[in-house]
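*Asks:* The lines below spell out each chain.
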Amino acid sequence: MSSEIISEIRRDYIVNLLKEGKRTDGRGVTDIRDIKFEVGLIESADGSAKVSLGETTVIAGVKIIPGTPFPDTPNSGVLTTGAELIPMAHASFESGPPGEDAIELARVVDRGIRESGMIDVSKLCITPGQEVWMCYIDIYVIDYCGNLFDACNLAAVLAIKNAMVPAEQYGKGENYPLPVTCTPISVTAAKIGKDLILDPNFDEEHIASARLTIATDDDGNFRAMQKGGQGSITLDELSSCLDMAVETGIKIRKIIG
Amino acid sequence: MDNNNARNTREVVVPGDKLDGSNLKPGENTYVLDGVVRASILGVKMVRQNTISVIPLGGRYMPATGDTVIGMVNDIGSSNWMVDIDAPYPAPLHVSEVPWKVAFGDTSKYLNVGDVVMLKILMVDESNKISVTMKDSGLRKLEGGRLVKISHTKVSRVIGKSGSMIQMIKNITDCRIFIGQNGTIWIDGEGLNADVATEAIKMIDEETVRSNLTERVKKFLEKEIPQDEEAEENKEGDE
Amino acid sequence: MSGHSDIVLVDEKGIRIDGRTAEEHRHVKIEAGVLKNADGSAYVEIGKNKVLAAVYGPRECHPRHLQNPTKAIVQCKYNMEAYSVGDRKRPGNDRRSIEISKITAEALENVILTGLFPRASIDVYIEILQANAGTRCAGLTAASVALADAGIPMRDIIPAMAAGKADGHVLLDLNKEEDNYGQADVPLAIVPSTDEIVLLQMDGNMTREEFDRAIEMAIGGCKELYALQKAALKRQYTVDGEEDDSDEQ
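Protein chains in written order, with our numbering: chain Y, 2 to 258; chain C, 22 to 260; chain P, 8 to 256.
These aren't lab readings, by the way, just hints derived from the structure by calculation.
Some clues are possibly wrong.
What the hints assert, rightly or not - Listed below are several chain P residues computed to face chain Y (Cβ distance under 10 Å; list not exhaustive): (1) Val-41; (2) Ala-45; (3) Ser-48; (4) Leu-59; (5) Tyr-63; (6) Asn-139.
Unchecked claim - Label-pair restraints from in silico Cβ distances: (7) Arg-69(C) - Leu-207(P): 39 to 45 Å; (8) Asp-237(Y) - Asn-75(P): 54 to 60 Å; (9) Ser-210(Y) - Ser-185(C): 43 to 49 Å; (10) Asn-75(P) - Val-16(Y): 39 to 45 Å; (11) Asn-17(Y) - Ser-185(C): 29 to 35 Å; (12) Ser-233(Y) - Val-134(C): 22 to 28 Å; (13) Arg-97(P) - Glu-44(Y): 17 to 23 Å; (14) Gln-70(C) - Lys-20(Y): 53 to 59 Å; (15) Lys-109(P) - Lys-130(C): 44 to 50 Å; (16) Glu-116(Y) - Ile-14(P): 45 to 51 Å; (17) Val-30(Y) - Arg-69(C): 50 to 56 Å.
Cβ atoms here follow ideal geometry from the backbone N, Cα and C, with glycine treated the same way.
So that you can see chain Y by itself, here it is in the shape it has in the complex:
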């Protein structure tokens, strides 16, 4: 995300602290920042959530409208995820159509939700082959202080869990909760020097050489991953990232209920 320059002093300070297993905000290497959330705040959406992960804040809204199914899945609802890095959120974000960072972000969040089968799309059929529910998840970053992948995943997941299919509005029977099967949670690790940390803040994210986002389901199985950054990760590092994603996923599920 963005090519912010972090001063040499700041970089050295972060790296030196990490050698003692400490971080600038007082966290341990595997600690994530505080999660705060509010659901249902946008009444014009069919489901919504505002999530703060530390000082990073994002809002996700779900809109569900009748539409035409894809020819190859005539009886399934359609899922679309978008993310907007609006200039409100950080001085380095510019207005205009989504750039590669926003597109990668949306696709990674989408993958966790889609591949985990979180939304049971088979229950979103209105008339087989003709009309299904189209489920649009739109995520807006309003304050960017690092680790958008996990903040956006959380906001999307909470907004989906909060969503009702607005059937009455379209004369398609009674409203019902969006059919949800599980809670996919993504956990992002960043690599700084030889150290791995979870939930990187802004500065950490900008000096990290590599990043790995892993989404797990309720059973601790892996459902989506994305490695980012120019650096590399070793097999051992991968292994500990996988362990951390499972453990932290359990913790986060407890927090969001």
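Since the structure of chain Y is already known, use the hints to place chains C and P on it.
*Replies:* Frame of chain Y, contents of chains C and P only:
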């Protein structure tokens, strides 16, 4: 700095607010409309002698001639460096204003992107173009330590009355501390002590209206770093 | 303004569908300083409208060719989020947003002391989280609080509120139904210290008399809003009513 009248009752004003002060002259961050002085910025009303003005509570740092600032090099030219000093304008540092003899095109051998420097504002012209220098005593490239960013409006509080606050922090924590008028502060010292100094400075930055700040900062410092036995010898403390 | 419908918007007693009288505005909530990164920010609710505004600057203006050597330029971006309206709005710019952004920037520029910052840019971002008629006014109201919160020098804070006409009655601050089925809408923004008008639009059908009444009502609404804007800014600097301070300087 004269302190008569400094103990005004603190009144927060917003742009457009009337500053009732009949017979007072309009000072900084005010304007006159139909003979009435009004605030032109969010801040605290201040009356000194016969002038009424508003001390900003926030906003960007605006460079003033003679200020010492701490900034980061964010671009390099063949005869200058661009330094980000958190002002609305970048501060170009020309090769003639550094303590080294730099050959044309050799700029990156001396200062690179990401380097942090302590500079002095030489001049701000009428169109707000800034010139800075690194050729004065105490000015330098900063290495090691850590940076803390606070609101530039709180710098005077961190320094305290004739330097009392910062001197106290330096004495108790035994840290080297440089303060930029732009709100960037550099701290170097032993791990725990530097943590405490950082916390103390952040505490001052976050306090908006509470009184007895010096007392409370002192209490905090002494709690974190017990000053037992022989009163420690104060080491050198620059600035 | 689609004109006539069977819906009764104002009953015999002059009460509107949401229980308001003609001269009442919807419930207003204003908070200043709600975002971490932005130099200034504000959150505003007016009825069911939910709006965030953020300000960055004054900062170096880019693209450079937009720089003005004598003053700062004010750039505004009004954006409706996809889920803010009944049907999903496709993200991105549309002609309506561009127009609203332009008139909002012009209104704000009127009160900002731009001459203090030659060549710089002051950037205002308005995000509509939830829309229910009156978002441009709510957006401008939020933006001026965000500007003051950012410590931008300005001569006043701008409130904005619309008046309109529905069921033949002149009403303050139209809600969605009144806007959809009513006969006119007049968004207005003023500089309260001078009563100058800095934003005015009108669509629909009004007599001179009705229009005058609408302006009078909108100005009244703006002045009430203005008090709430100022209170929100001052609230940030008041801790539990304690307002003392000693070691200044």
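*Asks:* Compare the structure with each hint and give your call.
*Replies:* Cross-check of the supplied hints:
{"no.": "1", "hint": "Val-41", "result": "holds (9 Å)"}
{"no.": "2", "hint": "Ala-45", "result": "holds (6 Å)"}
{"no.": "3", "hint": "Ser-48", "result": "holds (8 Å)"}
{"no.": "4", "hint": "Leu-59", "result": "holds (6 Å)"}
{"no.": "5", "hint": "Tyr-63", "result": "holds (6 Å)"}
{"no.": "6", "hint": "Asn-139", "result": "holds (8 Å)"}
{"no.": "7", "hint": "Arg-69(C) - Leu-207(P): 39 to 45 Å", "result": "holds (41 Å)"}
{"no.": "8", "hint": "Asp-237(Y) - Asn-75(P): 54 to 60 Å", "result": "holds (57 Å)"}
{"no.": "9", "hint": "Ser-210(Y) - Ser-185(C): 43 to 49 Å", "result": "holds (45 Å)"}
{"no.": "10", "hint": "Asn-75(P) - Val-16(Y): 39 to 45 Å", "result": "holds (43 Å)"}
{"no.": "11", "hint": "Asn-17(Y) - Ser-185(C): 29 to 35 Å", "result": "holds (32 Å)"}
{"no.": "12", "hint": "Ser-233(Y) - Val-134(C): 22 to 28 Å", "result": "holds (24 Å)"}
{"no.": "13", "hint": "Arg-97(P) - Glu-44(Y): 17 to 23 Å", "result": "holds (20 Å)"}
{"no.": "14", "hint": "Gln-70(C) - Lys-20(Y): 53 to 59 Å", "result": "holds (55 Å)"}
{"no.": "15", "hint": "Lys-109(P) - Lys-130(C): 44 to 50 Å", "result": "holds (48 Å)"}
{"no.": "16", "hint": "Glu-116(Y) - Ile-14(P): 45 to 51 Å", "result": "holds (47 Å)"}
{"no.": "17", "hint": "Val-30(Y) - Arg-69(C): 50 to 56 Å", "result": "holds (52 Å)"}
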